[in-house]
Amino acid sequence: MSTETVHITPYRTYAWVLIALLTFTFLTITVTWIDLSALTVFVALTIATIKAGVVLTYFMHLKFESSLFRVFVIMVLAIYVLVILFTLSDYLFR
Amino acid sequence: MTEEKTHHPEPSYLVNTGKYKGLMSWLTSTDHKRIGIMYMYAMMVFFIVGVLLGEIMRLELFRPGQQFYGPQTYNGLFTIHGIIMIFTVVIPGLAAVFGNFSMPIMIGAKDVAFPRLNLFSFYLYILGAGIALTSQFLGNGPPDTGWTFYAPYSIQTHTNVVAAVFGAFVLGFSSILTGLNFIVTMHRMRAPGMTFFKMPLFPWSLYATAWIQVLATPIVGITLLMVVAERWFRIGFFDPSLGGDPVLYQHLFWIYSHPAVYIMILPAMGVITEIIPTFAQRKVFGYKAIAVSSLAIALVGYFVWAHHMYTSGMSPTARWIFSLLTFLVAVPSAIKVFNWVTTMYRGSIDLKPPFLFALGFIFLFMIGGMTGLTLGALATNVHVHDTAYVVAHFHYIVFGGVGFAFFAAIHYWYPKMFGRMYNFKRANWAFGFLFIGFNLLYFPQFIIGIQGMPRRYFDYLPQFTLGMQLSFFGGILLLIGIILMLTNLFSKKGAKAPDNPWGGRTYEWTIPSPPPLENFEVMPVMGPDETPYDYK
Ligand code: HEM
Ligand SMILES: [Cu+2]
Numbered sequence: 001m002s003t004e005t006v007h008i009t010p011y012r013t014y015a016w017v018l019i020a021l022l023t024f025t026f027l028t029i030t031v032t033w034i035d036l037s038a039l040t041v042f043v044a045l046t047i048a049t050i051k052a053g054v055v056l057t058y059f060m061h062l063k064f065e066s067s068l069f070r071v072f073v074i075m076v077l078a079i080y081v082l083v084i085l086f087t088l089s090d091y092l093f094r
Numbered sequence: 095m096t097e098e099k100t101h102h103p104e105p106s107y108l109v110n111t112g113k114y115k116g117l118m119s120w121l122t123s124t125d126h127k128r129i130g131i132m133y134m135y136a137m138m139v140f141f142i143v144g145v146l147l148g149e150i151m152r153l154e155l156f157r158p159g160q161q162f163y164g165p166q167t168y169n170g171l172f173t174i175h176g177i178i179m180i181f182t183v184v185i186p187g188l189a190a191v192f193g194n195f196s197m198p199i200m201i202g203a204k205d206v207a208f209p210r211l212n213l214f215s216f217y218l219y220i221l222g223a224g225i226a227l228t229s230q231f232l233g234n235g236p237p238d239t240g241w242t243f244y245a246p247y248s249i250q251t252h253t254n255v256v257a258a259v260f261g262a263f264v265l266g267f268s269s270i271l272t273g274l275n276f277i278v279t280m281h282r283m284r285a286p287g288m289t290f291f292k293m294p295l296f297p298w299s300l301y302a303t304a305w306i307q308v309l310a311t312p313i314v315g316i317t318l319l320m321v322v323a324e325r326w327f328r329i330g331f332f333d334p335s336l337g338g339d340p341v342l343y344q345h346l347f348w349i350y351s352h353p354a355v356y357i358m359i360l361p362a363m364g365v366i367t368e369i370i371p372t373f374a375q376r377k378v379f380g381y382k383a384i385a386v387s388s389l390a391i392a393l394v395g396y397f398v399w400a401h402h403m404y405t406s407g408m409s410p411t412a413r414w415i416f417s418l419l420t421f422l423v424a425v426p427s428a429i430k431v432f433n434w435v436t437t438m439y440r441g442s443i444d445l446k447p448p449f450l451f452a453l454g455f456i457f458l459f460m461i462g463g464m465t466g467l468t469l470g471a472l473a474t475n476v477h478v479h480d481t482a483y484v485v486a487h488f489h490y491i492v493f494g495g496v497g498f499a500f501f502a503a504i505h506y507w508y509p510k511m512f513g514r515m516y517n518f519k520r521a522n523w524a525f526g527f528l529f530i531g532f533n534l535l536y537f538p539q540f541i542i543g544i545q546g547m548p549r550r551y552f553d554y555l556p557q558f559t560l561g562m563q564l565s566f567f568g569g570i571l572l573l574i575g576i577i578l579m580l581t582n583l584f585s586k587k588g589a590k591a592p593d594n595p596w597g598g599r600t601y602e603w604t605i606p607s608p609p610p611l612e613n614f615e616v617m618p619v620m621g622p623d624e625t626p627y628d629y630k
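In the order they appear, the protein sequences are chains A and B. Read in the numbering used here, the first sequence has 45 at position 45, and its numbers run on one by one without any break. Going from the second sequence to the numbering used here is simple: count from 1 and add 94.
Hints should not be assumed to be uniformly reliable.
Distance windows between CB atoms, simulated [to be verified]:
{"#": "1", "chain 1": "A", "residue 1": "L82", "chain 2": "B", "residue 2": "V616", "range": "14 to 22 Å"}
{"#": "2", "chain 1": "A", "residue 1": "S67", "chain 2": "B", "residue 2": "N517", "range": "17 to 25 Å"}
{"#": "3", "chain 1": "B", "residue 1": "L211", "chain 2": "A", "residue 2": "I19", "range": "55 to 63 Å"}
{"#": "4", "chain 1": "B", "residue 1": "D339", "chain 2": "A", "residue 2": "I74", "range": "27 to 35 Å"}
{"#": "5", "chain 1": "A", "residue 1": "L27", "chain 2": "B", "residue 2": "L389", "range": "36 to 44 Å"}
Computed far set for chain A versus chain B, every beta-carbon distance over 10 Å [claimed, not checked]:
{"#": "6", "residue": "I8"}
{"#": "7", "residue": "T9"}
{"#": "8", "residue": "Y11"}
{"#": "9", "residue": "A15"}
{"#": "10", "residue": "F26"}
{"#": "11", "residue": "L27"}
{"#": "12", "residue": "T28"}
{"#": "13", "residue": "I29"}
{"#": "14", "residue": "T40"}
{"#": "15", "residue": "K63"}
{"#": "16", "residue": "L68"}
{"#": "17", "residue": "V76"}
{"#": "18", "residue": "I79"}
Calculated directly from the structure, the hints in this document are not laboratory data. Note that the structure is predicted; figures quoted are calculated from it, not measured. Where a beta carbon is used, it is the ideal one built from N, C-alpha and C, also for glycine.
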């Protein structure tokens, strides 16, 4: 669209993102050696969420787009969290 | 069509201008109006097949005991009847047909944002429907799980579940892409000056619907693939004998399928909101309340899914939470009904066929909605769950609601679509048969349901005979109504339609009937004091 400025991300940023993603992948593998018992899934999912966040912000350009897109993403995440919470109202209270 | 050319400098969209002729010119067209019409014809074929399957079930149920075929055939019949009606008729439903045909015009656009993607959605629709139908002819016989594919039975049955499930999966993609297309269209392509709160209310309802399509459909897609994975590779997601949890299947299925009922009903409500002000010649009462209630229904409708699962062994905590939420979602629906009725109050009512169907919608939808509250209440649900009462309830919503709104919409936009009128007298007769036939078919099901007639049974105790036979005759009247309506609309050419036969105020009534290929010769602009419903 002509009214919007086109953002060009420097290669250096992408390189840093790549390094960050690789580090987190490495972290995911390393924590499997530690016995976290009940927290295992929680930790794995937390790391995965951070990685997804980085991808969304830089690779998928959320950082540079209009705030409308950020509102959409937050809304979707909120619905997702609520769906999980309501499902747990069954599983945690059986 | 030649006279069209002399009246209007631009040829209508029905005239072939591309390099292909005849059918090919339709199948390769990315025009939103042609795609809408193709969906309409395809859906009409599926609808007729579904109706005939319904009548074949009613025939078997005419008397207790076996009449024409056995229980396994009956199980196959209600499954494919449900799959066809739900996945290929009412879920794409009004959005695919009238959303495509009318929405871009109503917001002052030349087409949807991604016309090719739109045509691709249509092909996915045909492909998905085709795959689902092959389940009837290939493999170990037609699936017998019901359209809900509940685990663990859907994992264990030897019938051809995979084809049906995969067809539904592909149909889901069609739905997601249409939703995405509509969201972008309404964000980017509204006429200058048309802010969101000046957009007509049918597009508003499609906007809410589109978000559900995009956000909920992937869940059922994954769930159905999990069923396939479990059948092929014995992964224990759902089957307890493999270490799975069958209630998890029900959660996942209904996390989509409850919002899916709003995918069906929201566009229906949107059409009714267009028809009522036009035929009452009055400004919509409570424009903002109607627009916002669409979003509220879409949002709250996400969190009521487990009301389908009260008797499945879910925790008591979850049961009361979901019951409470179910009662809450009735509020925005009621807001709409009050606004429709108030819009009619002191209007100059013009009882033409579209309005008659809209009134039929309100009446039947109210019965469907109120009985939904009986089902949403924990204590009563235990008694009527999985009985004919549920069959009556969802037919009142999905056929009495969505179906009648669809009929209303055809009668409303038909002159715009084809540039022809239809015979009002026959349309009124058809409405009479449909309305009486419908109530005679489904109302007895409420009663025998409360008396204990279970759902999805091919046989019954003698005390239900009267109810079943009333339903049978209702089914015949309904069938006559459908034939009358379709022949009236599609068998002969009516008189030429004026551009604005009903005195409507939204943009589609300002352009020729049928519209030119690019809809507008001069792109509309909405002035600062204009609203979509400037009646009085
Ligand atoms: C003349 C028209 C129709 C007739 C005679 C009819 C009849 C029936 C019958 C007898 C059943 C099986 C009830 C049971 O034993 O559980 C049924 C189920 C069903 N019908 Fe219809 N129906 C008609 C139209 C429709 C329409 C228009 C829709 C949707 C838009 C629809 C959706 C369904 C669904 C979803 C089920 C449940 C299937 C299942 O239990 O798996 N029907 N119908
Ligand atoms: Cu529901």
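* For L27(A), which was marked as not at the interface, is the minimum beta-carbon distance to chain B over 10 Å? -> 27 Å, holds
* Asked: Taking the closest pair, is the beta carbon of L68(A) still more than 10 Å from chain B?
  -> 8 Å, violated
* Asked: Does I8(A) really sit off the interface, with its C-beta more than 10 Å from all C-beta atoms of chain B?
  -> 23 Å, holds
* Asked: Holds or violated: is the Cβ of Y11(A) farther than 10 Å from all Cβ atoms of chain B?
  -> The assertion about Y11(A) holds, with a minimum of 30 Å to chain B.
* Look at the Cβ atoms of S67(A) and N517(B) and judge whether their distance stays inside 17 to 25 Å. => Once the Cβ atoms are compared, 53 Å apart, the range 17 to 25 Å for N517(B) and S67(A) is violated.
* To do: Beyond 10 Å from every chain B Cβ: check whether that's true for T9(A).
  => 23 Å, holds
* **Verdict on T28(A) as a residue remote from chain B, using beta-carbon distances over 10 Å** => 22 Å, holds
* **55 to 63 Å as the expected CB spacing between I19(A) and L211(B), which holds or is violated** => The hint (55 to 63 Å, Cβ to Cβ) is violated, given that L211(B) and I19(A) are roughly 36 Å apart.
* V76(A) clear of chain B by more than 10 Å, beta carbon to beta carbon? -> V76(A) not clear of chain B: closest Cβ-Cβ about 6 Å, inside 10 Å.
* To do: Hey, is I29(A) genuinely clear of chain B, shortest beta carbon separation above 10 Å?
  => 24 Å, holds
* Using the C-beta atoms of D339(B) and I74(A), is the stated range 27 to 35 Å upheld? -> 31 Å, holds
* Classify the label on K63(A) as holds or violated, using whether its beta-carbon is more than 10 Å from each beta-carbon of chain B. => Since the minimum Cβ distance to chain B is about 20 Å, K63(A) lies beyond 10 Å and the statement holds.
Of the numbered hints given earlier, the model fails hints 1, 2, 3, 16, 17, 18; all others are met.
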